[in-house]
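Undergrad: Residue numbers (this note's numbering), protein chains in the order written: chain B, 1 to 173; chain X, 1 to 292.
These are calculated hints, taken from the structure and not from any lab test. Note that this is a predicted model, so its numbers are computed, not measured. Warning: the hint list may mix true and false statements.
Claimed, not checked - Computed from the model, here is a short list of chain X residues facing chain B with C-beta under 8 Å: (1) 33; (2) 36; (3) 46; (4) 141; (5) 185.
Stated by the list, open to error - Short, incomplete list of chain B residues facing chain X, as computed with Cβ under 10 Å: (6) 62; (7) 80; (8) 121; (9) 124.
What the hints assert, rightly or not - Quick list of simulated restraints, FRET-style, between CB atoms: (10) 127(X) <-> 128(B): 30 to 40 Å; (11) 35(B) <-> 283(X): 37 to 47 Å; (12) 136(B) <-> 237(X): 31 to 41 Å; (13) 237(X) <-> 141(B): 41 to 51 Å; (14) 136(B) <-> 34(X): 19 to 29 Å; (15) 41(X) <-> 140(B): 27 to 37 Å; (16) 16(X) <-> 155(B): 26 to 36 Å; (17) 78(X) <-> 12(B): 53 to 63 Å; (18) 248(X) <-> 128(B): 17 to 27 Å; (19) 34(B) <-> 89(X): 34 to 44 Å; (20) 13(B) <-> 127(X): 49 to 59 Å.
We put the beta carbon where it would ideally sit given N, CA and C, even for glycine.
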Amino acid sequence: MQPTNRSSRILQPVKLWFVYLSLFVALGLEYIPTGRTPGLPDWVALVLAFWCVREPLAIGMGAGFAFGLLMDVGLGAAMGQHALAYVVLAYLATALARRVLWFPAWQQALHVLPLLLLSQALMVGVRLLAGAEFPGWAYFLSSFSSALLWTPLSLLLLLPQYQPVERDDNRPI
Amino acid sequence: MSLVGHQPPPIFRRGPAPLARLFVFVAVCLALLAADLRFRYLEVMRNALSVVTYPLQMAAATPADVVSNAARYFGTLIDVQLENAELRRHQLGAGERLLRFEQLEQENAHLRELLQMSQRVQTKSIAADILYNAPDPFARKVILDRGAQQGVEAGLAVVDANGVIGQVTRVHPIQAEVTLLTDRNQSIPVSVVRNGVRGVLYGVGRGMLEMRHVLADVDIQPGDQLVTSGLDGIFVPGLPVATVTRVNRDQDAFARIECEPLAAIERSVQVLVIGRAAYPPPPPPPATEGGR
Numbered sequence: 001m002q003p004t005n006r007s008s009r010i011l012q013p014v015k016l017w018f019v020y021l022s023l024f025v026a027l028g029l030e031y032i033p034t035g036r037t038p039g040l041p042d043w044v045a046l047v048l049a050f051w052c053v054r055e056p057l058a059i060g061m062g063a064g065f066a067f068g069l070l071m072d073v074g075l076g077a078a079m080g081q082h083a084l085a086y087v088v089l090a091y092l093a094t095a096l097a098r099r100v101l102w103f104p105a106w107q108q109a110l111h112v113l114p115l116l117l118l119s120q121a122l123m124v125g126v127r128l129l130a131g132a133e134f135p136g137w138a139y140f141l142s143s144f145s146s147a148l149l150w151t152p153l154s155l156l157l158l159l160p161q162y163q164p165v166e167r168d169d170n171r172p173i
Numbered sequence: 001m002s003l004v005g006h007q008p009p010p011i012f013r014r015g016p017a018p019l020a021r022l023f024v025f026v027a028v029c030l031a032l033l034a035a036d037l038r039f040r041y042l043e044v045m046r047n048a049l050s051v052v053t054y055p056l057q058m059a060a061a062t063p064a065d066v067v068s069n070a071a072r073y074f075g076t077l078i079d080v081q082l083e084n085a086e087l088r089r090h091q092l093g094a095g096e097r098l099l100r101f102e103q104l105e106q107e108n109a110h111l112r113e114l115l116q117m118s119q120r121v122q123t124k125s126i127a128a129d130i131l132y133n134a135p136d137p138f139a140r141k142v143i144l145d146r147g148a149q150q151g152v153e154a155g156l157a158v159v160d161a162n163g164v165i166g167q168v169t170r171v172h173p174i175q176a177e178v179t180l181l182t183d184r185n186q187s188i189p190v191s192v193v194r195n196g197v198r199g200v201l202y203g204v205g206r207g208m209l210e211m212r213h214v215l216a217d218v219d220i221q222p223g224d225q226l227v228t229s230g231l232d233g234i235f236v237p238g239l240p241v242a243t244v245t246r247v248n249r250d251q252d253a254f255a256r257i258e259c260e261p262l263a264a265i266e267r268s269v270q271v272l273v274i275g276r277a278a279y280p281p282p283p284p285p286p287a288t289e290g291g292r
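Isolated chain X (complex conformation):
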């Protein structure tokens, strides 16, 4: 056996210098961040890794479930009876409204037929419970107990008894993640009920909303109700969203319109996931210049 080509013993070999490895790892992390935050490329990678994390998450959620169920179990009988009476009263009122609503819907369909307008959008809805706030402290998100297996899709609107609370942004097999309207990266196209003025509502944090892209001379007053306009082709039109609280016109070309959400966005427990049964066809491509 010759000494030529003999390797040094592996005791002292430690690979590349730590600082070099740090730079490589940091560069990879920054690339991942850019790809995820700016371009949303990494959903595939997320799904692949969630194969590892999902069993752990389920296991970790079990003790929390036990605690919350125990709290509910030991809730006093009187509380439940009071709640039951309250619900009965609500149901009576809702039943009466529903009777009238069915009749009005038939009448509406009939009138639309007479006027030869297209029918209103068909909707589908899934009832769900909010399990808990998402643990990411930088975003306002909640986790629902319904997921892809129950037909929840990304993009659907989530409403509680009073109005829209947010939009489904990520769907897991039996859970879904909802971004609340008050998140800074969430926006929703709305229109004013009184006169149909359209705008886009953005979350600004601190539980408040702001309507942007509305010219300063447009007729909007504090107290106006805002509903979804449905122009995005995703939200169902006509869902109540917010009330205008303050209008500030002395800034520049656009009015600063502060709004307050109608729904109990950060407090609701039972919600409904609402979406269109069928999406509208994509808009026609813009006509080329001088093509007439």
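Bound-form chain B, shown alone:
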């Protein structure tokens, strides 16, 4: 548990099942067939980066690898493509964890944006080496839309931890 400097709240410890549930929900969102619409956020990368920043002790490269493989299978991509990108993303996000949480949410998003771009660039590099077609610069829009979602997503994913330990009807929050 890492209380944000800005927030005077002390959060409850995270539940591991909730971390994995949110990752599986993100995976489900990723599987919605949307064709080749550019600029859709990479939900799994975003949620993974979020938990790696928030809970570097609970989740890390292993989860990145596992969910990367599930992405590869579900999307019909090259085996190991997303896994590679997510492992690197998880490593860098964990390395950032100590520092990023001292910033307000939109600056956290600015910290995470280069990591998301780097993971996408890794995927492009791998596939171009294998002789695939360059998907166009619009492909990288996905990172920017993901970064825009950082603030609402952090509110949403922290909701369960905002609950007070014991219910007290007389307390204001």
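Starting from the known structure of chain B, arrange chain X on it as the hints suggest.
TA: What follows is chain X alone, placed relative to chain B:
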């Protein structure tokens, strides 16, 4: 209880250093990539993992289905009536052609019998709908709503009303993945209708095709029709594929032949999966040197 062999408390133990773990994971990923892209070893692993992903995928596809069905449901009556009239006209024309085709086929079989040639290849076909584009942005692939349960196999050709659009590359239980001709890693053996010159057609991206391995002095002109040659033993011969649009001979020994697909490759919705009913026997092994 002695202190010898006493373990430190597990609070501070975190396993190997993060950088070391990163290297291990990256190495594993690179090995997976090489095994998949270069050698195609990982289909078994893919099938095993798809046990996990398949229910999620089905669940995720449901809202998309609802949206597209609702759009179709609220399509105006006039549209449907127009489409119906159009289809009736098409069917009339097709019916007449089919009558003649049956007669010609009988005649052909008869003539082949007279000439003691082997019969033409028997085909099987499965009608299918294209569900959506595959989500992988690096490849040009689409997903069909027919799979292994309906008899779709990897390698079969997929055609629309005008010509070949691609080839089935991966088969799931009730879906199949088709790689379009315009994908950079897709190729198809073709021959020119006019004079039977053979070559191989490759996707080059941007919706265009290129015919390679044709010598510069070979007779090919813009406007020539290309059909599948069937030399690979997988495609049915004679399916229309593309038209030659430009021939560039001043490069080197081989001509640069740009082609345009006949089928509406990235736009068609209803397709037919066509394959040989039986594959031809494998070619005989090459005779050893001096074996005569």
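Undergrad: It remains to establish, for every hint, whether it holds in the given structure.
TA: Each hint tested on the structure:
| no. | hint | verdict |
| --- | --- | --- |
| 1 | 33 | 4 Å, holds |
| 2 | 36 | 4 Å, holds |
| 3 | 46 | 5 Å, holds |
| 4 | 141 | 7 Å, holds |
| 5 | 185 | 6 Å, holds |
| 6 | 62 | 8 Å, holds |
| 7 | 80 | 3 Å, holds |
| 8 | 121 | 13 Å, violated |
| 9 | 124 | 8 Å, holds |
| 10 | 127(X) <-> 128(B): 30 to 40 Å | 36 Å, holds |
| 11 | 35(B) <-> 283(X): 37 to 47 Å | 41 Å, holds |
| 12 | 136(B) <-> 237(X): 31 to 41 Å | 36 Å, holds |
| 13 | 237(X) <-> 141(B): 41 to 51 Å | 44 Å, holds |
| 14 | 136(B) <-> 34(X): 19 to 29 Å | 26 Å, holds |
| 15 | 41(X) <-> 140(B): 27 to 37 Å | 31 Å, holds |
| 16 | 16(X) <-> 155(B): 26 to 36 Å | 35 Å, holds |
| 17 | 78(X) <-> 12(B): 53 to 63 Å | 59 Å, holds |
| 18 | 248(X) <-> 128(B): 17 to 27 Å | 26 Å, holds |
| 19 | 34(B) <-> 89(X): 34 to 44 Å | 35 Å, holds |
| 20 | 13(B) <-> 127(X): 49 to 59 Å | 56 Å, holds |
The structure is inconsistent with hint 8 alone, although it conforms to all the rest.
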